[in-house]
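**Q** Here's the letter readout for the chains.
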Amino acid sequence: MNFLRLFGVFFRVNVMGELAYRVNFFWQLFQSILSLGMSLAGIAVIFSYTDTLGGWRPDEVLVLVGVYLLVGGIIGLVIQPGMERLIESVRDGTLDFTLTKPEDTQLIVSIQRIEIWQFIDIVLGLAVLATALIRLGENVGGWQAAAFVLMLLAGAVIIYSFFLILATLSFWFVRVENILAIFQSMYEAGRWPISLYPGWLRYGLTFVIPVAFATTVPAEALTGRLNWGTLLGAAMLAVVLFTVSRAFWLVGLRHYSGTSA
Amino acid sequence: MKALAELYVQQFKTTLASMFQYRASLLIWMIGQVLEPLVYLIVWSIVSNNSGGSVGDYTTREFAAYFIVMMVVNQVTYTWIMYEFEYRIREGILSFALLKPIHPIHSDIADNVSSKLITLPIMILIAAGLAVAFHTSVSPTPWAVALFIPALLLAFLVRFLLEWTLAQAAFWTTRVSAINQTYFVVMLFLSGQFTPLTLLPHPIQVAAAILPFRWMIGFPVELLLGRLTLTEALTGLAAQAVWLIIGFVLVRIVWRAGLRIYSAVGA
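In order, the protein sequences belong to chains X and A. Its first residue numbered 1, the first sequence is counted upward by one per residue in our numbering. Its first residue numbered 1, the second sequence is counted upward by one per residue in our numbering.
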């Protein structure tokens, strides 16, 4: 409950901040629609030469595009901005102010910055997903929908924990924002089913930088490709990574208090 | 002229020093430069294998060669000036550059070229490794190689001038990231980064021939792969020359207009 109340407060603050720049909304809208249009055009070009791509039919790739936009929107909405701000505030020392607040510091740094225009990508992602589902017809059952929601949640938690671990490194190292930049270019690879890639790249995108869990796995759940092993594995990884990142964050925080004292 | 040469040498030293300082960011930047063409290489190889070993006029191996050469050409012509300029204006650093008696574009060109001199050998090694991994090679005709060098140089200059012009948008708006993203999305298609242009519908090919994007990236690649006739190659060089002139004019006009706004704010 506390989380929702705080999120509401930060959300209001960020909305007020952004409404001063209303022109940004139209730019962002234009840019998001153009990006989506181009990525759909790209898929159209590819499928004009082939029927399936690594076993994925056009409408199934469309599901992946929807998931890619949706998850990318969530990352850009709250996860990445918050973590970038955290790294900055560790460097210039403003984290001290956050530490004095009577709420959990991890909670505050995670939701302190909300890039509201990213809702455009989230809405577009949902629209693409809905279109893809309608075109896929009755092939989506209740179990698949449940697995999809669960995997989407697991993917978001995995990405969040991954970002938190990287950002926590800033308590020891000064320049970690570059590592966040690596995620951006890796995430691009998540536009396509991870199964297309050669082994080393597939493992890298699954276990080193967990892009696969954010995009391919939820899309697999919705298109009925997911086996129980992956489902359980992803759910367990989410729990483990969340716990580990929390523990690491607490260690980092102790280290930070030590240096500033 | 002598002052300019000294500036370039000095900038080379500075860039070299700062690049050894930021090895990690350099590595991360190169991962991105390699990964993107690699993804399209893999996707198109799969499509090609699905449809019996070729798509349009490209076989699977020719796709690999196309995207590997593309990787190198993109690396040579790449600029980061849009991000740099936004930062300079936001932080007011530009004011220091204005105190110098030489147009700031020179130190930007020198900085860009210097860092390329260091990263290019690494990129060529990666490209060679990928060529072996994907069982492909390029065997261009002598005249194609001879024309490739000026084509690559012109591609670099055209891209540099146009992106330097685009970077000036930061004079007028505080948030240029949306403009940059729009630019990159359009470039992805029309430059040939997503797929060889001959595989796209005809109207898009026409647009690509008129707009500058193909002349900044796709054209040198096609030239080296031996996909162009001599006439097409020479026409292409002429198109690059036209865009070079347009670029020069744009840089001059936009820089002057931008400076007026900047001094109005700073005064």
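A couple of the hints might just be wrong.
With a straight-line Cα cutoff of 25 Å, these simulated SDA-like cross-link-like pairs (lysine to any residue) come out [claimed, not checked]:
(1) A:Lys116 with X:Ser185
(2) A:Lys116 with X:Gln106
(3) A:Lys116 with X:Ile182
(4) A:Lys13 with X:Ala44
Just so you have them, the derived chain X footprint on chain A, three or more residues with Cβ under 8 Å [unchecked claim]:
(5) 16-28
(6) 125-131
(7) 192-199
(8) 208-216
(9) 252-258
Every beta carbon over 12 Å from chain A, so not counted as near; a handful from chain X, in silico [stated by the list, open to error]:
(10) Ser32
(11) Thr94
(12) Asp96
(13) Arg254
(14) Tyr256
Please keep in mind that the hints were generated in silico from the structure rather than gathered at the bench. From the three backbone atoms N, C-alpha and C, an ideal C-beta is built for every residue, glycine too.
**Q** Checking a non-interface call: every C-beta of chain A should be farther than 12 Å from the C-beta of Asp96 of chain X. Is that right?
**A** holds (24 Å)
**Q** So if I understand the rule, the pair passes when the alpha-carbon distance is 25 Å or less; does Lys116 of chain A with Gln106 of chain X pass?
**A** Answer violated: Lys116 of chain A to Gln106 of chain X is near 41 Å, above 25 Å.
**Q** Within the region 16-28 of chain A, is the number of residues with a Cβ closer than 8 Å to a Cβ of chain X three or more?
**A** holds (count 4)
**Q** Please check whether the beta-carbon of Tyr256 of chain X is more than 12 Å away from every beta-carbon in chain A.
**A** holds (22 Å)
**Q** Is the nearest Cβ of chain A still more than 12 Å from the Cβ of Ser32 of chain X?
**A** Non-interface label fails for Ser32 of chain X: nearest chain A Cβ at 9 Å, not farther than 12 Å.
**Q** Does Ile182 of chain X lie within 25 Å of Lys116 of chain A when you go C-alpha to C-alpha?
**A** holds (20 Å)
**Q** Is the straight-line distance between the alpha-carbon of Lys13 of chain A and that of Ala44 of chain X 25 Å or less?
**A** violated (48 Å)
**Q** Beyond 12 Å from every Cβ of chain A: is that where the Cβ of Arg254 of chain X lies?
**A** Non-interface label on Arg254 of chain X holds, nearest chain A Cβ at 26 Å vs cutoff 12 Å.
**Q** Please verify that the nearest CB of chain A lies beyond 12 Å from Thr94 of chain X's CB.
**A** holds (18 Å)
**Q** Is the coverage entry for the region 192-199 of chain A by chain X consistent with the three-residue Cβ rule at 8 Å?
**A** Coverage by chain X holds here, the residue count being 3 at a Cβ distance below 8 Å.
**Q** Is the straight-line distance between the alpha-carbon of Lys116 of chain A and that of Ser185 of chain X 25 Å or less?
**A** holds (20 Å)
**Q** Within the assertion that chain X covers the region 125-131 of chain A, do at least three residues meet a Cβ-to-Cβ distance smaller than 8 Å?
**A** It is violated, with 0 qualifying residues against the three required.
In this structure, the hints that do not hold are numbers 2, 4, 6, 8, 9 and 10, in rising order.
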